[in-house]
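Undergrad: Protein chains in written order, with our numbering: chain A, -16 to 365; chain B, 543 to 932; chain C, 39 to 404.
Source of the hints: derived by calculation from the structure; they are not laboratory data. Be aware that one or more of the hints could be misleading.
What the simulated footprint calls covered on chain B by chain C, stretch by stretch (three residues with Cβ under 8 Å from a Cβ of chain C suffice, anywhere in the stretch; the number is not a length) [what the hints assert, rightly or not]:
(1) 600 to 614
(2) 832 to 846
(3) 871 to 879
Just so it is clear, the structure is predicted and the values come from calculations on it, not from any experiment. For each residue, glycine too, the CB sits at the ideal point set by N, CA and C.
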Amino acid sequence: MAATADSFYLRTVPAQRLPPPPARAGAIGWLRANLLSSPGNIALTAICVVSVCWVVPQLLRFFLLDAVWSGHDREACLASPVNPEPGACWAFVRVWLNYFIYGFYPIGERWRVDLFFLALAFGIVWLAWLAAPRRDIGAFYFFIVLPILSFVLLSGVPMFGLSQVSTSLWGGILVTIVVATVGIVVSLPLGILLALGRRSEIAVVRLCSVTFIEFVRGVPLITVLFMASVMLPLFVPERFAPDKLLRALIGVALFASAYMAEVVRGGLAAVPRGQYEAARALGLPYWRMMALVVLPQALRVTLPNIVNTFIGLFKDTTLVFVVGIFDFLRTIEAARADPHWATPVTSVTGYVFAAMFYFACCYGMSRYARSVETRLARAQRR
Amino acid sequence: MSDIAQPPSRKARRFGNIALQAGLVAIVGGIAYAAMVNAAQNLAQAHIASGFGFWNNTAGFDISQTLIAYSSSTSTFGRAFWVGLLNTLLVAGIGIALATVLGFIVGLGRLSRNWLVAKLAAGYVELIRNVPLLLQILFWYNAVLKSLPELRDSVAFSGGIILNNRGLFLPRPEFAASFRYVLITLFVAVAAAIALRVWARRRQEQTGQRAPLLWIALALIIGLPLGFTLLTDLPIRFSYPQSGRFNVLGGIEILPEFAALLAALSIYTAAFIAEVVRAGVLAVSPGQTEAAQALGLRPGTTLRLVVVPQAMRVIVPPLTSQYLNLIKNSSLAVAIGYPDLVQVFAGSVLNITGQAVEVIAITMAVYLAISLVTSLIMNLYGHAIAVVER
Amino acid sequence: MGDKPSARLIVGASGARLLLKGLVMKRFARALGFAMGLAILLGFGTQAASSQTLKAVQDRGQLICGANGTLAGFGLPDPQGNWTGFDVDFCRAIAAAIFNDPTKVKFVPLTAANRFTALQSGEVDVLARNTTWTMSRDTSLGIDFAAVNYYDGQGFMVRKSLKVNSALELNDAAVCVQQGTTTELNLADYFRSNNMSLKTVTFATADEAVKAYDSSRCDSYTTDSSALYGERLRLADPGAHIVLPEIISKEPLSPAVRQGDDTWEDIVRWVHHAMINAEELGVNQKNVDDMLKSSAPDIRRLLGVEGQFGEPLGLSNDWAYRIIKAVGNYGESFERNVGQGSPLKIARGLNALWTKGGLQYGLPVR
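My request is simple: use the sequences and hints to build the entire structure.
TA: As structure tokens, this is what we get:
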């Protein structure tokens, strides 16, 4: 066998150990892989780095370093020897902050608004925290108790010693939250009914639901609000003409219902047909089948979409300005026009403050929707 | 669906169904009737006229941007309606085009292997999506207005373009009669380019040879009419905008309201389109890309020939609803005074005539019609690119 | 309102038709109950609102006044919600006459578009929101105007730096204007009749129009000239703007009430004339207590020392004394809110007393 031995290649010395490829490991490797993988990528990275380096320091300077944090009128935010190029005028926000939150709500009664915010936060946490105990009671609290409680608190019932506060005095974040909350509290049940109606076997019900949903989804919210504010008073007897805020609330709630209906419909479609058939086979009548078997599954699947619809609704609350309601954005606009604070930076400051508020709320909700989605996906994979 | 479960009650159920339907019709009809009675009564009491007679009355108010001839002294409310509608369509049309381009860039950017680009694109999407559009419109309007120079310090670009806080003023082309020959040449060039493409494709299928189609087509479509224009004695003249005492006069005027609305609408909708595009591309199985690469297609070609056509099928339906949203959102023009349909018709006309019911009904009908037509077009496109199952 | 009961009958009849159908199917009764309830609700709703505004105000313990809310000098709340302004003072004067307490007023900010609806629907008791008294409004909106408390007209504001001295020089100018007002139409008329061309930039609210003018989107801003002075204060640099002398329209501003309650209209009218008379007679907030001892018969009648002029209105006889004590006379209110004592610095002009060449003329109290 010796003759054949050298026809095989047999390594006798161990190969030298090579260093790991420089481009694959450590920080430099990461940089190479993710930022500098090709000439095109290098160019892109360079452009991005340059623009980031150009923008970020300016933003920092404007919003933090050169910003004016305290003061009583515009003088503080105008260019001065001390601060030749004043940045954001946060003093303006500080002075007007209470107005941004409560509007003209009587100062002595503002604890009621705070209490409302607390009660609402409690309800939201109860419902949104998936591991919370007795979420059915939570739903009851959120959809039945909370609306009544809020009405009693905010509008006031003289019988309970709470003086009446007209809705024309409400404003700012209070109104934004009220509009958004009423939107969700009304639109979810109404949306479920519409979605069921759209899948109903009864032709007239189906027709009514489809017409309503498609009509509302086909027109801008502004026109719905216009209709609610201009035409609603015409359609009901004079005495029942709802007040301005209520009109806008009706408009927003109807609008949101149509969108919610489509979201719920998607959830209903995701429930396997076998579930319906099994429920029927057990002899459950329609409403109990829906309430006990189908809807719990459908709503769970579609929860992220419901939250997303709510984010849209929350952003859309800004549109109530067209019917003259002082929501948060509108109070910013009003304060911006105050001559005592007229400076070149007031508008930008106001808008950025508003943007931060909306961003914080919406981004928080969208993160929540995403975490629910991941959780559901995990359940699906199992 | 439960007829088997409860066979005896079948007849009763059918009767119940019919009764329920009749009842529902009666309730809906009753409410509608009561509403109408009340409306008629309230209108009569407030002495508000009804009917569409106002349509032909003289409007009497002025509109800042008119695509068709309009004058406050002679034009009617009906004319004002068309002016507003065209302005809506203008901003929506251009907005859709811009948002689509930007949305695709950002959406693909989020999927980029370049970490920085992906993060910047993600940051853009999150920031823009979570701030109300109205706030963005107001921000752009005031940012645009405040940062641009005043009339006296107008920026004059070469070619007679003037920019200030009253808008952007471009030279207005004026076409001589002989311009129609240029149009004919252009038409011929386009036809030739299409024919060329058909021929080139056939040749490629038969021989595998490719022609530099894009360059030839471009040369044809741009070069031919341009050459013809230069050969003849310039059938286009430009009227240049002039600085007057108060305003820039003449030329094409792009209003700051228009610019702000367009910017906000495109940027806002682009963030949503980016998400749609990303989801669409992710829906294409990675095996497709790998197979294309294995066949030796270059990354650009892979994207163009393999990934995008498949992604489009997923993208088109949600893209349609984004387009519809953009059209509906253009009604926010009312906040900054861009004369769109809502601002002109549901604003000025409604307030002057006081005929809320008619004006709002027309406005809503128009938006419904626009929505339906857009859905129809996008559905046709969706059918055209649908997978042909074999 | 004679046709109201018939409307109720018709709605009721549709309910009865429903009832017949409902008897056939038992399970259907619940839906029917809902429909009936709705019909009844709508039917009852058609009854007229209370016609006794004064009684309603007294029972409520508060006057509800529709005011501007965004116009310095006429109606503007500060961040704490304290309202000030010429129209605001007028409402306070009414409250003082009724309750002897000028703070018993609730102000509802109204826009140009929703002010008449708010008054018609009973949302407010009186509309004091710089509203022009025109024939069509008086005759066709179901409202009545009480008394012109401010003679106004539409004017133009421009930047001083433009060196414009007359509105007739504004050819080709861009003008910011609020939509849906008579202003928008007057503007187009004025330029057309003077053969001038115009670039209008229209905004839904006065706020937006003024802001746009301030950021020099327009060369000029037009609205009622009184409002021009108020809006000028809200500009970044009020000193850099002037109001042009041309007044291109007549805008008599007047508080308005719902039609059909004549006593209430009388109260509002005489509150105005009490304030004018007080100025004519030299009675003001400071000297009103001394004036009670005056021997001049005009003053004695006005302040309720002599005669019983308050009772027919449903007020106490010292109603005018209460007004002047709480708010002051017309001139004081004018100077404090819009005149020399205010940042607006509007001259009295047409609003001077008739004895001083103006149009304000107090009807005699006797």
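Undergrad: So, for every hint listed, does it hold in this structure?
TA: Okay, the hints, checked on the actual structure:
1. 600 to 614: holds (count 6)
2. 832 to 846: As far as the stretch 832 to 846 of chain B goes, the hint is violated, because 0 residues have Cβ atoms under 8 Å from chain C.
3. 871 to 879: holds (count 4)
Taken one by one, the earlier hints fail for this structure only at number 2.
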